[in-house]
Amino acid sequence: GAVVSQHPSWVICKSGTSVKIECRSLDFQATTMFWYRQFPKQSLMLMATSNEGSKATYEQGVEKDKFLINHASLTLSTLTVTSAHPEDSSFYICSARGLAAWYEQYFGPGTRLTVT
Amino acid sequence: DQQVKQNSPSLSVQEGRISILNCDYTNSMFDYFLWYKKYPAEGPTFLISISSIKDKNEDGRFTVFLNKSAKHLSLHIVPSQPGDSAVYFCAAIGAAGGTSYGKLTFGQGTILTVHP
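These protein sequence lines map, in sequence, to chains G and L.
For what it's worth, the numbering used here labels the leading residue of the first sequence as 11, then goes sequentially.
For what it's worth, the numbering used here labels the leading residue of the second sequence as 7, then goes sequentially.
You may find that some hints are simply not true.
[As the list claims (entries may be wrong)] Quick look at which bits of chain L chain G covers, simulated, 3 or more residues with Cβ under 8 Å:
1. 46-53
2. 95-108
3. 111-117
In short, the hints are calculated from the structure, not lab data.
Heads up, the beta-carbon is just placed ideally off N, CA and C, and yes, glycines get one too.
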């Protein structure tokens with residue numbers, strides 16, 4: 011149980027275009043979903059926290075107009091990278107938390123974004 | 007400000023021996039600590055956790071020790087197996103009422119290599 015999927019697993023886009031990444035909890039209802047990014051050989055950095063039906067809360071330094079997050083249902087959250095630039099190239103990972111233990115997060119497999 | 011630190015970027019261990027991965031933290035409001043294992047281009051998978059009110063938690067080959075006064079925790083893997091080779095992340099979650107409540111703060115990770 012507690013499976014989280016992400017789609018796509020990798021994407022290449024041109025500079026200036028937008029890319030949408032989906033995060034789904036497959037076998038549980040995720041009241042809260044988190045979005046992280048990881049640069050090569052670095053740690054996972056929390057970008058934002060989203061609760062179903064409400065606006066996402068962004069971490070300091072993360073541009074909310076550039077990284078649009080929608081958490082429209084208890085099983086789906088989306089991250090849209092708008093007007094992507096090469097510096098947005100990174101590994102984006104989502105996680106989901108259900109109604110069980112408050113500290114447990116289940117991670118998706120990640121999405122590799124390359125902006126050319 | 008790196009609130010969770012893993013000062014050893016890598017660790018190499020012989021199969022059958024003990025692997026000890028270390029983690030230090032600075033935020034006294036952290037209430038729960040977790041260890042994750044991660045392979046390249048994949049999301050982290052949960053290994054073991056410990057509450058701040060405990061000093062030890064054991065699950066099979068994995069044991070986590072917490073020294074709250076020293077703000078230090080460690081993960082022991084014994085016996086180590088080649089399949090344990092991966093990046094190990096230490097993470098912490100803040101207590102209720104704090105700004106880091108429910109959010110994972112990750113260390114930089116330690117690459118563990120277990121040689122046959």
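Quiz item: Looking back at the numbered hints, which does the structure fail to meet, lowest number first?
Solution: none
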